[in-house]
Amino acid sequence: MAVNYSDLTPGTAITWMNTGGTNLMNMKALATAGIREGGKSTTLVDGTKGFPEVLEIIAETKVQSAPTAGNECPIYLGFSKNATAGSENPGGLTGADAAVGNADQLPQLVLVGSIILSNALGTGVQRQRFEVKPKAEYVIPVFQNSSGQTTSNVDGETIITIRPWYRRTPIA
Amino acid sequence: MARIIPGTSAIVDPACPIDWSHPLNIGLTSEWAIPPNSGWRGGQTFRDLVRGGRNAHDGTLDTAITPSGWRGGAAPGSYGRVQFDGSSKISLPAGIWPSSDFTVVVDFLVTSTSAFQGLLSSYTSDGNSFEVFVDGTTRLMAGCYGANSFTTAGSIATNTPYNLIVSVSGAVNNLGKTFLNGVNKAGSSPTLTFTSRSLATTIGKRSTGTFPLANGSWVSRVSIYNRGLVDAECKALYQETKAGNPNRWNWLETGRFWSIPVVIATGNRRRRILCAGSIA
Chain A
643 MAVNYSDLTP GTAITWMNTG GTNLMNMKAL ATAGIREGGK STTLVDGTKG FPEVLEIIAE
703 TKVQSAPTAG NECPIYLGFS KNATAGSENP GGLTGADAAV GNADQLPQLV LVGSIILSNA
763 LGTGVQRQRF EVKPKAEYVI PVFQNSSGQT TSNVDGETII TIRPWYRRTP IA
Chain B
3 MARIIPGTSA IVDPACPIDW SHPLNIGLTS EWAIPPNSGW RGGQTFRDLV RGGRNAHDGT
63 LDTAITPSGW RGGAAPGSYG RVQFDGSSKI SLPAGIWPSS DFTVVVDFLV TSTSAFQGLL
123 SSYTSDGNSF EVFVDGTTRL MAGCYGANSF TTAGSIATNT PYNLIVSVSG AVNNLGKTFL
183 NGVNKAGSSP TLTFTSRSLA TTIGKRSTGT FPLANGSWVS RVSIYNRGLV DAECKALYQE
243 TKAGNPNRWN WLETGRFWSI PVVIATGNRR RRILCAGSIA
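First to last, the protein sequences are chains A and B.
To convert, take the position in the first sequence, counting from 1, and add 642; that gives my numbering.
To convert, take the position in the second sequence, counting from 1, and add 2; that gives my numbering.
Chain B with its partners taken away, still in its complex shape (with noise of 0.2 Å):
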């Protein structure tokens, strides 16, 4: 008896799934994504990526949607999603947020853009808060809603799959950057109040219990960093969720090579998630 296995090559080294050579991982400190392996994906756990002799931070998805929201396909870059039913969540542990500068990334795609829908979410109402949500017309807003936020312009269609990434850096924590599918919506850059930052933190709703994402709905990856990517990484993370592009899980089936087409610096081609069968 003997075989070849694929599925070496296929699915993600889960005792070290990020490639901290990377550049694109420098400073990366959460990814919850949904990776090919058996057993990392239909239950109640979303996945932190970022483990391995760390700390990983696994989300817990609302009974309500476990394992109903698990959902393959239909997310560019992504092996699956999390299906949203209009009224549950995903929550995160404590401790996810960096101390200064920050990026989050979030892909996602909402069925409506009717009402307030929060994506990513650590709220107070006193304004020291952070949450990035859809803001009931067709726009994005990054901050908090209330004191100090950013919004786009009118940017968001139904039943489109988007990569979402805020950038906030600098002294002030200035909220400066929001790319959305690769492009920068530039705009306002007020100082964020982000003081309360070990607050409970949900993905797909407010963290206090309202907004949640409409019915279809879904999220495939949020990502932390604890610096605030530059330009050009936000253009190249974008690639990676592009429809019809290599994404990040497609050199899984290629095999040894990480394949966004997107030059980092010094040339990097290299795959960001480390598989099984990587070969160092």
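If we strip away everything but chain A, and leave its shape as in the complex, we get (with noise of 0.2 Å):
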């Protein structure tokens, strides 16, 4: 049905958990203080509506304990222009599952936000949206565990979700 407003129309959604994700990021059993960066993404970039205009964060975990009211855990990411894996990546990113090697490296990714965690919830699902610009066609997101305890032993229970949001316009 034809529209006479410009609105944001959806991408597909990537995943990056530990397994049964679209990337491989393992952040199972991280410990506190563990950062962790994921598997470089495929292009952002649709065939028909070209580059994403926001991307849409969703980042959820579940601790062994219940942490801290107001710990964080904060979420980052890498873009880059390059689809290999560990090319032209900020940060020193590899582009694959792995440790970050160090917290100053942070400061060359752009920061996300942070999951704020709730000691009600214990250690129950602890899940926050965000909503960032992207800077350039392949992203690496990474997570660093700062809750105080050591997130989930179970699968899939830490996971990062990127969904593309992409410009709409009618053509009159």
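Everything labelled a hint here was simulated from the structure, so no lab data went into it.
If a hint is listed, it holds; no wrong ones were tucked in.
The list that follows gives simulated cross-link-like pairs (lysine to aspartate or glutamate, EDC-like), each with its CA atoms no further than 20 Å apart:
# : chain 1 : residue 1 : chain 2 : residue 2
1 : A       : K704      : A       : E799
2 : A       : K777      : B       : D21
3 : A       : K775      : A       : E695
4 : A       : K775      : A       : E698
5 : A       : K775      : B       : D21
6 : A       : K775      : A       : D688
All values reported here derive from a predicted model rather than from experimental measurement.
Starting from two chains that each stand alone, build the complex the way the hints lay out.
Shown next, in the form of structure tokens:
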């Protein structure tokens, strides 16, 4: 149906987790202070819709003991213009599932925001949503566990999901 | 499924929150503030908006006010505030102080003026430090208490939001300018001997652990520049915290223009902080 307004239309969601996701990112049983990067995405550029205007990010985790309220799990994104995993990445990222060696690499990445942890939610799911503007067509997420607890030891309970949104403009 | 995301113009651009072409951002080295972004407030971290290719100096809230200190509204010019409990502070990392001239900006409210209360403090007892605090009457003090300091005339009322700007400049680092809500509280200009610039620095309490802000007092923004701001700039910065006026977040709602009513130099009225929906 034709519309007379410009809006955003969603692309396919990309997921990062230790198993079963689009890309591998093993955040299972990640000790506190651990930093993990995921595999580099395929291109965010859609053959028809072009470059996305916004990335919607959903980060969720469970931890093994109730965290202190207000502790955080920051999420970062590293953007790259190169499809090859290890090429032209910020922050020394490898573009594959791996530990990030040092927190001083993180300022080269884009801080998306943190999951602000609840004590009351205990070992249940803790989930937060974010939106950022993409900087390049390939993206690598990074998860920093500053929760004070080890993340869940169950498959698929710490997940990062990115959904690109594309601008759609009606043609008269 | 389709939608319009108003949030794209209502969140700070995480990759580069500061518009470096704006004249009021020249020399800005840190700005701890509370943006609307999800996950940038409510936790243990008081975010420095000077980031994106620069090493951000994020502050850390004491656990006693994490997350209870985070409050919305009631802070003109801000998306929220950090409210203190009468004993807690925010700790800032080393490396935040410029080596020569500087300006500090503090947006705050105090619920009491009957005790010494540290707003921003990098203190040593040898007189080589710098801090800004309410001095136990209704005055503000800047400099180093007991040594070279500048005291305003009676100025501070309780439960009233203030925008404080202290500008330090000149060959001998004259402590020459203290703007309170856009008005220069001129007075003496003692020479500041701020030579210990790598000490711990805190918001809401003296850095050595005494003189906390009274329970219920709050801070919504602290900025540091590596230069002395001129009078017009001090007045312009006040505009973005003025109750009822357009403020530094209001453009987030109006989309694409910066609406500070004060014209700086060449007539800029652009936004000072970039949103994710910014169009260069």
